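Residue numbers (the numbering used here), protein chains in the order written: chain Y, 1 to 295; chain L, 1 to 257.
Since the hints were derived computationally from the structure, they do not count as laboratory data. For clarity, every value in this text was computed on a predicted model and none was experimentally measured.
To give a feel for the contact side, a few chain L residues facing chain Y, derived at Cβ under 10 Å:
id	residue
1	ALA61
2	SER154
3	HIS183
Dumping the calculated BS3-like pairs for lysine-lysine here, alpha-carbon to alpha-carbon at most 30 Å:
id	chain 1	residue 1	chain 2	residue 2
4	L	LYS150	L	LYS131
5	Y	LYS233	L	LYS150
6	L	LYS164	Y	LYS201
7	L	LYS96	L	LYS150
8	L	LYS76	L	LYS108
9	Y	LYS201	L	LYS134
10	L	LYS63	Y	LYS233
11	L	LYS30	L	LYS169
12	L	LYS164	Y	LYS217
13	L	LYS63	Y	LYS201
14	Y	LYS233	Y	LYS217
15	Y	LYS233	L	LYS164
Every residue gets a Cβ at the ideal spot worked out from N, C-alpha and C, and that includes glycine.
Each chain is listed here by its residues.
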Amino acid sequence: MRRTNPPVDTERSVIGWEYLVAVIVGVIAVSVFIAGCQTKASLPSEPTMSPTVSPGSVGYELFQAHCAACHGTNGRGDGIARMALDVAPRDFRNEPFRYVSTMDGIPTHDDLVQSIKNGRVHGQMPAGPWLSDEAVNALADYVLELNRLGWVDRLTQEFADDQDMTPRDIAEIAFERVTTEEPIVVAMPSPQFRPNLASGKVLFMESCAACHGPSGKGDGLDTPLDELGRPIKVRDLTTDAIQGGSDVFELYKRIRCGIPGTPMPAQPAMTNEQIWQLIFYTRSLMGQPLAGLER
Amino acid sequence: MNTFQRITTFGLFSVLLFGAGPVSPNAPDKYTPIDVASGGTIRGVVRFDGARPQLEQVDIATKEDVCHSEPVYSEKLVVSKEMRVQWAVVSLTDIKTGKAFQEPEDPKDRPTLDQNGCVFSPHVVLVGHGKPLKLLNSDGVLHNVHTWPKKNRSKNIAMPGPVKEMTVKFRRPERIRVSCDIHRWMEAWIVVTEHPYYAVSDEAGEFELTDVPPGNYTLRVWHETLGQFDQEVEVKANAEASVEFVLSERGQNSGAN
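The task is simple: from the sequences and hints, build the whole structure.
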């Protein structure tokens with residue numbers, strides 16, 4: 001997990017007395033922790049507020065300034081502006097992130113950076129071109145940390161009666177659930193690859209039509225639900241209003257990785273070329289055919 | 001950033017970094033495999049107390065022919081004519097040492113979760129943590145294996161018709177509900193186990209745990225509809241301990257051994 005370091009005051013001596021005190025505090029904290037582990041006391045290994053999300057931190061201030069109106073002060077998706085929106089803003093504490101480039105449904109730092117920078121062209125999240133790279137990085141760390149704290153809360157509640165689950169176990173699991181192990185590489189098709197509408201259609205019927213409908217209009221499922229049980233729309237692929245972006249690399253990630261929190265599954269068994277056939281096919285459904293497509 | 005913030009930040013970071021150290025899901029104090037020389041057997045039955053619940057036929061909301069080959073019944077509560085409960089998971093909760101997981105010689109014999117006739121089969125499957133679980137798609141239509149874990153990372157995997165077989169692993173022991181978003185009546189449980197002393201009651205409500213090192217244990221039964229209950233069991237060398245659980249929809253267990 002990437003964290004952004006607090007900005008360093010360059011005009012002052014770096015090794016000031018505060019740092020000495022900080023080191024001592026750190027050593028004491030670790031010693032207390034070790035002592036706690038040795039005596040098997042159920043010492044919480046997790047401060048309720050981590051540095052990233054504490055008021056006064058860079059991420060906190062940026063989040064309150066740029067995100068809280070919709071996503072809420074605490075990131076629960078309950079900001080004041082939500083009543084004016086058609087879709088619920090993401091609840092960073094209780095929902096998975098949707099647009100990922102990993103097979104375990106956990107966003108990379110860069111996935112979050114892209115979402116913050118580019119917004120949702122067809123959704124209501126605005127792009128943030130005015131934000132510096134430093135600010136975007138801090139916000140990406142911040143929302144991921146909110147997600148981790150959400151896991152800590154839910155797991156603590158879920159396993160309240162389970163004697164075998166220590167706060168340390170919960171901290172470990174929460175950390176795992178925001179730390180991806182399986183980022184994918186978007187591989188280009190081989191030189192032998194020939195995009196072909198008929199092959200694409202076969203794959204579409206096998207792997208997509210059950211939900212997106214045989215014609216791609218998003219009418220395959222009766223009442224699709226997200227993982228929180230709320231009704232959602234299956235994307236109508238005959239328009240180009242694709243939330244995650246309709247450029248080929250984004251389509252590749254959606255097809256390969258799926259959309260966490262929704263019925264859209266990952267496709268680990270699909271070959272690279274099959275995914276590219278589907279990209280060519282769906283782009284032609286969208287009325288944006290890519291060059292070189294054979295009918 | 002002021003002095004106080006600098007100090008607290010560094011201090012908390014130390015704790016955090018330490019807290020997020022190497023992950024040890026199978027800490028050695030939890031379960032250690034040993035050679036079990038003169039182990040005993042726990043054999044038992046899960047009975048049902050109350051009026052026998054009828055199997056509920058599932059409304060198949062799809063046109064796909066393969067889903068209509070046979071009537072589909074919910075397996076959330078299956079009670080035989082003899083009032084025995086199927087699909088109850090029985091396990092020893094406090095065993096620290098015992099036999100090792102047996103890896104099947106032939107990968108064909110690995111724990112398997114099939115999608116057959118638009119039903120997950122079996123309804124409850126046991127697999128050791130970190131061990132391969134085979135996913136099959138016998139139907140030839142698109143299914144998605146959507147897992148709902150608490151301790152493991154989430155998986156939602158497409159198995160299009162031509163994809164007959166895949167393998168998944170789960171690192172942390174827990175019971176994981178599995179669903180299919182395309183055929184919403186489909187539901188199963190993957191029970192990821194921390195040791196091999198787990199069993200699922202069969203059609204006759206019977207289960208068996210073998211090669212149990214002699215000793216006193218807590219035996220747990222869990223059923224998705226009827227709940228979870230414990231009872232004590234004593235296992236003697238080379239002998240058989242007989243156990244009975246009695247479950248009811250009122251959430252009681254009047255079992256005795």
